[in-house]
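Using the hints, position chain X against chain G.
Chains as they are written, first to last, in this note's numbering: chain G, 488 to 601; chain X, 36 to 450.
Please keep in mind that the hints were generated in silico from the structure rather than gathered at the bench.
Quick look at which bits of chain X chain G covers, simulated, 3 or more residues with Cβ under 8 Å: (1) 278-287; (2) 341-353; (3) 425-439.
Label-pair distances were calculated between CB atoms; the ranges are: (4) Asp596/G x Pro359/X: 53 to 61 Å; (5) Asp550/G x Asp68/X: 47 to 55 Å; (6) His89/X x Ala591/G: 33 to 41 Å; (7) Asp420/X x Asp526/G: 18 to 26 Å; (8) Gly100/X x Asp550/G: 33 to 41 Å; (9) Glu527/G x Trp54/X: 48 to 56 Å; (10) Asn144/X x Leu533/G: 38 to 46 Å.
Glycine included, C-beta positions come from ideal geometry on N, C-alpha and C.
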Amino acid sequence: MLEIKCPVCGVVGEEGDFHGGGQAHITRPATDNPANISDEAQRDYLFMRHNPKGLHFERWRCDRGCGKWFHAARDTVTNEFKAYYSIRELPPVELMKAATGSWAEYFKDKMVTK
Amino acid sequence: MRYSIFSLARQALNYHKGWEKAWRSPELKPSYDAVIIGAGGHGLATAYYMAKEHGMTNIAVVEKGWLGGGNTGRNTTIIRSNYLQDASIAIYDLAHKLYADLSQEFNYNIMFSPRGLLMLCQTEHELRGFQRTAHANRIAGLECEMIDRQRVKELVPIINDRDDARYPILGAYYQASGGTARHDGVAWGYARGADQMGVDIIQNCEVTGLLRDGDQIVGVETTRGTINTKKVAVVTAGHTSHIMQMAGVSMPIESVCLQAMVSEPIKPVIDVVVMANTVHGYVSQSDKGELVIGGGADAYNNYAQRGSFASLEHTATALVETFPIISRLKMMRQWGGIVDMTGDRSPIISMTDVKGLYVNGGWGTGGFKSIPGSGFVFADTIANDRPHPIAEPFGLKRFVRGEFIDESVASGVAH
Numbered sequence: 488m489l490e491i492k493c494p495v496c497g498v499v500g501e502e503g504d505f506h507g508g509g510q511a512h513i514t515r516p517a518t519d520n521p522a523n524i525s526d527e528a529q530r531d532y533l534f535m536r537h538n539p540k541g542l543h544f545e546r547w548r549c550d551r552g553c554g555k556w557f558h559a560a561r562d563t564v565t566n567e568f569k570a571y572y573s574i575r576e577l578p579p580v581e582l583m584k585a586a587t588g589s590w591a592e593y594f595k596d597k598m599v600t601k
Numbered sequence: 036m037r038y039s040i041f042s043l044a045r046q047a048l049n050y051h052k053g054w055e056k057a058w059r060s061p062e063l064k065p066s067y068d069a070v071i072i073g074a075g076g077h078g079l080a081t082a083y084y085m086a087k088e089h090g091m092t093n094i095a096v097v098e099k100g101w102l103g104g105g106n107t108g109r110n111t112t113i114i115r116s117n118y119l120q121d122a123s124i125a126i127y128d129l130a131h132k133l134y135a136d137l138s139q140e141f142n143y144n145i146m147f148s149p150r151g152l153l154m155l156c157q158t159e160h161e162l163r164g165f166q167r168t169a170h171a172n173r174i175a176g177l178e179c180e181m182i183d184r185q186r187v188k189e190l191v192p193i194i195n196d197r198d199d200a201r202y203p204i205l206g207a208y209y210q211a212s213g214g215t216a217r218h219d220g221v222a223w224g225y226a227r228g229a230d231q232m233g234v235d236i237i238q239n240c241e242v243t244g245l246l247r248d249g250d251q252i253v254g255v256e257t258t259r260g261t262i263n264t265k266k267v268a269v270v271t272a273g274h275t276s277h278i279m280q281m282a283g284v285s286m287p288i289e290s291v292c293l294q295a296m297v298s299e300p301i302k303p304v305i306d307v308v309v310m311a312n313t314v315h316g317y318v319s320q321s322d323k324g325e326l327v328i329g330g331g332a333d334a335y336n337n338y339a340q341r342g343s344f345a346s347l348e349h350t351a352t353a354l355v356e357t358f359p360i361i362s363r364l365k366m367m368r369q370w371g372g373i374v375d376m377t378g379d380r381s382p383i384i385s386m387t388d389v390k391g392l393y394v395n396g397g398w399g400t401g402g403f404k405s406i407p408g409s410g411f412v413f414a415d416t417i418a419n420d421r422p423h424p425i426a427e428p429f430g431l432k433r434f435v436r437g438e439f440i441d442e443s444v445a446s447g448v449a450h
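With the rest of the complex left out, here is chain G (with noise of 0.2 Å):
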């Protein structure tokens, strides 16, 4: 049983108060034109997950709380949420970086310090 808490709300609670919303992050293929996005992009978009076995980042929504969808950095091995951050933004850099597998990969170019 995972204890969430809400960054918006500040509410705490079990995980049945919380709604998983898997992988965070994904961004749609931008395009003026459906026909522009190549059939492996789409794939990527739709299907390809980093699955890693450590850090993750991931969405979930405060379903009893304030409703709001936000984000969270947790280890799949240990359970521990290691960071609550808002729906908008990129994790910590420190967690950016301490990132593996595809994941490093795909914050390799994003960690612009503030």
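Frame of chain G, contents of chain X only:
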């Protein structure tokens, strides 16, 4: 050693001191013709059929933990083949047919028990969905039938057949040849068979890296040393993404935890397998008398092999509603296994862009029933370096082409 009533009698007279180990524990050699990662049911079956059907005996199966200790030893042992899509029917039916003769073939009892399997229809939508599956299965030649509530009650006297149930029984989709087998027996039988043909099964040997030379796989790094090989087969359900990432290959898979539990042993109350997909629960009774119960997977990525209490509670709630008689049973054990989920709920049996790297995974919550069929076609794929016709639709290319094998309806939660 061949097992028989005579060997049993001979060993009994000898106080059972003369039994040999069922397989060797060989030292890892520096090179093999092929290396299979993962000594679960699928990996061992792959090794067995590579040796038996294709004469490839210079192969190793490497396993992080102990043989059959992953999902092969954690599932609820259900065997059925009544899937919706042609590609699925082909592979699950092949597996079902192979299961029927495995005990004789192995000279090892896998306790295959085709006791009959019901998939309950508890909403109008589910009833119509299964009628559609029934038509598809009839065209494919499977012996399955839709049965009404009265027949369900005859087959499962303990079921709650009241009209005012929250989810009343409207009927069921019945596969009389569906059933169960002893999961450990399947792993042990394949291990013993493969070992007798010369396959090296290396336990407690974790893979730490896959070695590539350009586009060609050239070896495997393990905690027991490096192995040179030109063919590597990844059969590590739950950890498919993790291992494939070592070769730089991404997978369309997410790993989640699926739990099961068994009750205290009771006298026989149910002699079929019942799957209730609407309420998320399935149950059968083991030969020891325990009710073997499974339910839905957790909703978040997890490699911890221990699931959420909320899922267990959900499953127990569903089954108490469906079988009121079990409401005061104590649950003895509960466990979790990490399963690969793909977008279309169908497995991946595929070649990859890396030469010599093959992958078999993504079985979601339904890998056990397919072990013999999966191993058979995967062995053929590896030996001949091209997809076996039954395996071809399950290739990774289907996610690019949009040729999905959509079983999310046919399998629902209980695969």
